[in-house]
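**Q** Build out the structure end to end from the sequences listed, making use of the hints.
Residue numbers (the numbering used here), protein chains in the order written: chain Y, 3 to 218; chain B, 17 to 274.
Please keep in mind that the hints were generated in silico from the structure rather than gathered at the bench. A virtual CB, placed ideally from N, CA and C, is assigned to each residue, including glycine. Worth double-checking, as some hints may not be accurate.
Stated by the list, open to error - Okay, the calculated beta carbon distance ranges per label pair:
1) B:L244 - Y:E9: 28 to 34 Å
2) Y:R194 - B:S47: 48 to 54 Å
3) Y:M20 - B:L244: 41 to 47 Å
4) Y:F165 - B:P203: 37 to 43 Å
5) B:F114 - Y:L69: 32 to 38 Å
6) B:A200 - Y:V4: 56 to 62 Å
7) Y:L69 - B:L79: 39 to 45 Å
8) B:A200 - Y:L69: 24 to 30 Å
9) Y:A56 - B:E218: 47 to 53 Å
10) B:S172 - Y:T211: 44 to 50 Å
11) B:P61 - Y:E9: 22 to 28 Å
12) B:N34 - Y:T211: 30 to 36 Å
13) Y:K6 - B:D162: 46 to 52 Å
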Amino acid sequence: MVEKFYEELDELKAEIPMFGAFAIGMLEDSIKALKNQDLGLAEEIRERKANLAAHHTRIEEEALRILALYQPMAKDLRVIACINQTNYSLYRVGRIGWDIAKLSMYVAGQPFIENLQNIFYMGDLVVAMLRDVMEVYESNAISSLLGLSKRDDVVDNLRSSIFRECLTYMMEDNRNIPRCIDYISVSRHLERAGDHACLIAEKIYYMNTGERVEIR
Amino acid sequence: MVNRMQENGAILSTRDLNLYYGEKHALIDVSIDIRPNTVTALIGPSGCGKSTLLRCFNRMNDLVGGVRTNGECLFKGKNIYAKEVDVVGLRKKIGMVFQKPNPFPKSIYENIAYGPRIHGIKNKKALDEIVEKSLKSAALWDEVSDRLHEPAMGLSGGQQQRLCIARTLSVEPEIILMDEPCSALDPIATSKIEDLMIELKENYTVIVVTHNMQQAARVSDETGFMYLGKLVEFGDTVQIFERPREELTNNYVTGRFG
Chain Y
3 MVEKFYEELD ELKAEIPMFG AFAIGMLEDS IKALKNQDLG LAEEIRERKA NLAAHHTRIE
63 EEALRILALY QPMAKDLRVI ACINQTNYSL YRVGRIGWDI AKLSMYVAGQ PFIENLQNIF
123 YMGDLVVAML RDVMEVYESN AISSLLGLSK RDDVVDNLRS SIFRECLTYM MEDNRNIPRC
183 IDYISVSRHL ERAGDHACLI AEKIYYMNTG ERVEIR
Chain B
17 MVNRMQENGA ILSTRDLNLY YGEKHALIDV SIDIRPNTVT ALIGPSGCGK STLLRCFNRM
77 NDLVGGVRTN GECLFKGKNI YAKEVDVVGL RKKIGMVFQK PNPFPKSIYE NIAYGPRIHG
137 IKNKKALDEI VEKSLKSAAL WDEVSDRLHE PAMGLSGGQQ QRLCIARTLS VEPEIILMDE
197 PCSALDPIAT SKIEDLMIEL KENYTVIVVT HNMQQAARVS DETGFMYLGK LVEFGDTVQI
257 FERPREELTN NYVTGRFG
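**A** Here you go:
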């Protein structure tokens with residue numbers, strides 16, 4: 003019985019990096035679509051939503067099934083708790099990608115502002131945070147997680163500087179307003195995605211040590 | 017010595033308690049503090065010493081040949097292994113319920129009245145009151161109040177076990193020891209006993225030995241994990257089951273051995 007339990011738990015645990023690659027891929031591609039004004043890619047990202055939801059539900063069902071059948075304790079219980087939170091956070095990350103893809107379609111025809119590159123830089127930072135966290139999920143090298151707070155601070159600061167930058171461009175030329183308004187929304191979305199990286203990091207830390215730390 | 021229990025708030029404590037069955041060293045330097053009005057669960061694989069420790073608390077091990085103990089076992093600050101201790105009086109204060117329900121082959125009423133009677137209560141009205149109060153405390157009154165004089169053996173297993181708990185309560189103990197009280201019962205009877213344990217802690221202190229880890233997690237406030245005669249870890253139940261300090265505890269509660 004114990005062997006069967008660990009086989010199932012290991013299988014479930016291995017689902018998360020796969021789901022992570024899918025969800026983070028949606029976010030990364032949505033930033034590409036925004037940058038390259040690629041309507042085709044944006045459309046394709048929007049079609050990934052059904053798969054995202056199905057994968058998320060499958061993991062949740064499996065986690066609940068294991069809880070119900072085996073009532074895991076201690077470290078095993080913490081693994082399930084971490085999987086559940088990570089599953090939810092990754093789902094949100096995928097949805098953020100979906101939202102950004104939608105916004106990128108709105109602004110595709112609007113004037114592009116070459117100098118407004120911070121938004122893409124912010125996107126790269128957030129994607130890297132998420133990728134690094136998922137790497138720790140597999141390697142359990144938790145000491146690197148605590149450094150995430152500083153990276154999240156950079157992301158938060160970028161959000162306010164993007165806001166101020168956009169204000170300037172909007173005042174300069176009112177044709178910039180639609181794109182700038184959307185960039186402000188995108189920066190808000192990216193900030194949330196960064197928060198999810200921190201939430202996942204907290205749960206991975208808890209899974210490994212049983213201690214709750216605040217990473218934000 | 018008398019006041020040291022009050023200092024840490026424990027009702028029952030052991031200090032470096034060792035017990036030998038002949039050559040076998042069954043308890044090794046066990047030190048534990050049981051707080052009043054709590055449910056404490058003792059868990060661990062078969063042969064780890066949890067039942068032995070439980071039986072030390074009311075000197076049931078005295079009945080086993082070749083047993084030696086050293087160290088201290090203190091009930092309200094007094095060593096229960098001291099020469100002057102009246103063992104019958106001790107077992108009245110620290111009652112016990114066993115794995116298999118063991119009612120006397122008498123009526124339900126007589127099962128409860130027996131203890132108070134040998135402790136000197138003869139008055140019929142007083143005995144009636146004790147029977148009713150004990151059965152109510154054991155959540156059995158509503159099921160048996162109309163057939164108190166029928167044989168106890170006619171009750172179901174779960175009812176018999178609650179009768180045994182009522183019998184323990186009839187002599188007004190302070191601590192109730194339970195050794196695998198639900199392992200012979202079905203899930204519904206088990207959940208009634210579990211509810212009862214939680215109710216009982218309002219007026220008593222309950223110590224339960226169980227193989228069922230979910231049961232320990234459900235009913236207890238504090239849990240001790242024992243292995244090979246040692247108390248490996250003792251602490252808040254949530255802590256033991258969610259984030260045990262010891263690797264050994266983690267391996268046991270996650271089912272890796274046992």
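**Q** Give a verdict on every hint.
**A** Outcome of the hint check:
no.	hint	result
1	B:L244 - Y:E9: 28 to 34 Å	holds, 29 Å
2	Y:R194 - B:S47: 48 to 54 Å	holds, 51 Å
3	Y:M20 - B:L244: 41 to 47 Å	holds, 42 Å
4	Y:F165 - B:P203: 37 to 43 Å	violated, 59 Å
5	B:F114 - Y:L69: 32 to 38 Å	holds, 33 Å
6	B:A200 - Y:V4: 56 to 62 Å	violated, 25 Å
7	Y:L69 - B:L79: 39 to 45 Å	holds, 43 Å
8	B:A200 - Y:L69: 24 to 30 Å	holds, 28 Å
9	Y:A56 - B:E218: 47 to 53 Å	holds, 50 Å
10	B:S172 - Y:T211: 44 to 50 Å	holds, 47 Å
11	B:P61 - Y:E9: 22 to 28 Å	holds, 23 Å
12	B:N34 - Y:T211: 30 to 36 Å	holds, 34 Å
13	Y:K6 - B:D162: 46 to 52 Å	holds, 49 Å
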